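Sequences and hints are given; from them, build the entire structure.
Protein chains: 2
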Amino acid sequence: MSRYQKTDFPTHDIRRFLEPGPIVLVSSAHGDQTNIMTMGWHMVMEFSPSLVGCLISSGNHSFELVRSSKQCVINIPTVDIAETVVKIGNCSGSSVDKFTEFGLTPKPGTHVRAPLIDECYANFECELSDAGWVNKYNVFVFEVVKAHVATSPKLPKTIHYRGDGEFMISGTETRKWRRFFRPGML
Amino acid sequence: MSRYQKTDFPTHDIRRFLEPGPIVLVSSAHGDQTNIMTMGWHMVMEFSPSLVGCLISSGNHSFELVRSSKQCVINIPTVDIAETVVKIGNCSGSSVDKFTEFGLTPKPGTHVRAPLIDECYANFECELSDAGWVNKYNVFVFEVVKAHVATSPKLPKTIHYRGDGEFMISGTETRKWRRFFRPGML
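Chains A and B, in that order, are what the protein sequence lines are.
Read in order, the letters of the first sequence correspond to residues 562 to 747 in the working numbering.
Read in order, the letters of the second sequence correspond to residues 562 to 747 in the working numbering.
These aren't lab readings, by the way, just hints derived from the structure by calculation.
Nothing here was measured: the structure is a model prediction, and the numbers come from that model.
One or more of the hints may lead you astray.
Since the list can't tell identical chains apart, any single copy or any two copies may satisfy a pair.
[Stated by the list, open to error] Simulated pairs of lysine to aspartate or glutamate, EDC-like, Cα-Cα distance not exceeding 20 Å:
1. 737 x 727
2. 715 x 593
3. 631 x 593
4. 715 x 691
5. 718 x 734
6. 567 x 691
7. 715 x 727
8. 718 x 580
9. 697 x 725
10. 648 x 679
11. 718 x 607
12. 715 x 725
13. 737 x 580
14. 737 x 641
15. 668 x 691
16. 737 x 725
17. 737 x 644
18. 718 x 679
19. 648 x 734
20. 718 x 658
21. 631 x 727
22. 648 x 662
Shown next, in the form of structure tokens:
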């Protein structure tokens with residue numbers, strides 16, 4: 562598996578990678594445990610502070626790690642590790658050390674204890690910003706406090722889940738409708 | 562512009578079209594006004610009831626129409642009307658009748674007064690389920706009470722926004738990793 566060379570990225574602009582809707586990997590740490598889960602239900606909520614709403618089902622082993630540590634990393638995997646992403650979503654951190662099992666490299670963050678997944682295209686270090694809907698909907702609102710993004714390629718080939726084992730792989734990138742935007746609306 | 566032939570679709574399975582993260586059009590009606598807005602910040606929140614979290618900025622003309630009527634329709638446009646989608650996002654319903662301006666066909670729903678956009682691939686009729694985060698985050702939680710989806714093609718070619726006038730167009734569809742899913746995890 563390749564490891565991307567990464568650079569700091571402005572946290573207010575992470576919608577560039579999250580708004581198109583890829584499956585992401587959420588990594589967490591609490592006490593002596595770490596874990597990784599796949600997540601498809603997330604939304605950008607604000608540019609600055611950089612807020613992201615995430616649904617982490619209470620049935621997941623990651624739920625308690627994230628709730629207790631009040632931190633996580635949102636990692637963006639690309640199509641080259643799609644098989645690993647699926648397998649991560651189909652086993653539980655209660656019985657498997659996912660970094661070891663899947664040969665992924667945990668890398669220290671600068672702001673959170675949760676490990677970055679080195680093999681992912683981008684890593685967003687997150688602190689829990691609002692737990693008000695955790696009990697009601699399993700929705701966590703995170704603030705992205707530090708973003709690391711690969712320097713190349715310019716845009717990632719991401720995977721987008723449709724349910725029932727089907728994925729859409731991100732396709733063509735285009736700016737051909739850019740001229741129809743008013744400057745303030747970009 | 563083409564109009565899709567549509568059929569009823571199970572509301573608990575609309576993640577099939579929303580989870581991959583397309584730009585959607587939100588149509589609304591209140592009193593004698595209708596409107597359409599583009600929306601990129603949304604997330605699936607539950608299968609059944611079929612809940613979707615949506616961020617509708619209070620600066621949008623649609624905000625008051627949706628808040629007052631407690632209804633909307635989430636419409637999924639395809640790449641063939643991308644230019645129209647961008648233009649819809651770059652003018653305000655306070656000065657433009659968007660159905661007329663853009664030659665779109667409002668079609669009556671079965672459960673809500675807000676009009677379906679006939680030229681879109683899918684239409685999800687929504688009722689406001691939770692307004693608890695409307696003031697705090699401009700987040701509306703809707704329940705999809707009726708779904709209409711095109712019978713053909715099987716999957717839509719959707720557009721996914723990255724900001725700065727750039728779009729990703731949905732690419733290849735694949736089930737090649739389906740064998741790595743445990744049955745209960747599909």
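Results of checking the hints against the structure:
When the C-alpha separation of residue 737 and residue 727 is checked against a cutoff of 20 Å, the pair qualifies only between copies, where the shortest distance is 8 Å, while the shortest distance within a copy is 29 Å. For a Cα distance limit of 20 Å, the shortest separation of residue 715 from residue 593 qualifies neither inside one copy, at 36 Å, nor across copies, at 46 Å. In this assembly of identical chains, residue 631 and residue 593 lie within 20 Å of each other by CA distance solely inside one copy; the values are 15 Å within and 47 Å between copies. For a Cα distance limit of 20 Å, the shortest separation of residue 715 from residue 691 qualifies neither inside one copy, at 32 Å, nor across copies, at 39 Å.
Taking the shortest alpha-carbon separations for residue 718 and residue 734, both the intra-copy value of 10 Å and the inter-copy value of 13 Å come in at or below 20 Å. Neither within a single protomer nor between protomers do residue 567 and residue 691 lie at most 20 Å apart by alpha-carbon distance, with minima of 29 Å and 40 Å respectively. In this assembly of identical chains, residue 715 and residue 727 lie within 20 Å of each other by CA distance solely across copies; the values are 13 Å between and 26 Å within a copy. Proximity of residue 718 and residue 580 under a CA criterion of 20 Å is satisfied in both settings, with 14 Å inside one chain copy and 17 Å between copies.
Taking the shortest Cα distances, residue 697 and residue 725 never come within 20 Å of each other, neither inside one copy (26 Å) nor across copies (35 Å). For the homomeric pair residue 648 and residue 679, the shortest alpha-carbon distance inside one copy (17 Å) is at most 20 Å, but the shortest distance between copies (39 Å) is not. For the homomeric pair residue 718 and residue 607, neither the shortest alpha-carbon distance inside one copy (24 Å) nor that between copies (27 Å) is at most 20 Å. Taking CA atoms no more than 20 Å apart as the test, residue 715 paired with residue 725 passes between copies only; the shortest distance there is 14 Å, against 30 Å inside one copy.
For the identical chains of this complex, residue 737 and residue 580 are intra-copy neighbours only, at 19 Å inside a copy versus 25 Å across copies, given an alpha-carbon limit of 20 Å. Taking the shortest alpha-carbon separations for residue 737 and residue 641, only the inter-copy value of 13 Å comes in at or below 20 Å, while the best intra-copy value is 28 Å. With identical chains, the CA atoms of residue 668 and residue 691 are never at most 20 Å apart, being 26 Å at best within one copy and 39 Å at best between copies. In this assembly of identical chains, the alpha carbons of residue 737 and residue 725 lie at most 20 Å apart only when taken from different copies (12 Å versus 33 Å within one copy).
Taking the closest pair of Cα atoms, residue 737 and residue 644 come within 20 Å of each other only across two copies (9 Å); inside a single copy the shortest separation is 33 Å, beyond that limit. In the homo-oligomer, the alpha carbons of residue 718 and residue 679 lie at most 20 Å apart inside one protomer (16 Å), although the nearest pairing across protomers, at 32 Å, exceeds that limit. For the homomeric pair residue 648 and residue 734, the shortest alpha-carbon distance between copies (19 Å) is at most 20 Å, but the shortest distance inside one copy (28 Å) is not. For a Cα distance limit of 20 Å, the shortest separation of residue 718 from residue 658 qualifies neither inside one copy, at 27 Å, nor across copies, at 38 Å.
In this assembly of identical chains, the alpha carbons of residue 631 and residue 727 never lie at most 20 Å apart, being 32 Å within a copy and 33 Å across copies at closest. Proximity of residue 648 to residue 662 under the C-alpha cut-off of 20 Å is restricted to the intra-copy arrangement: shortest distance 10 Å within a copy versus 48 Å between copies.
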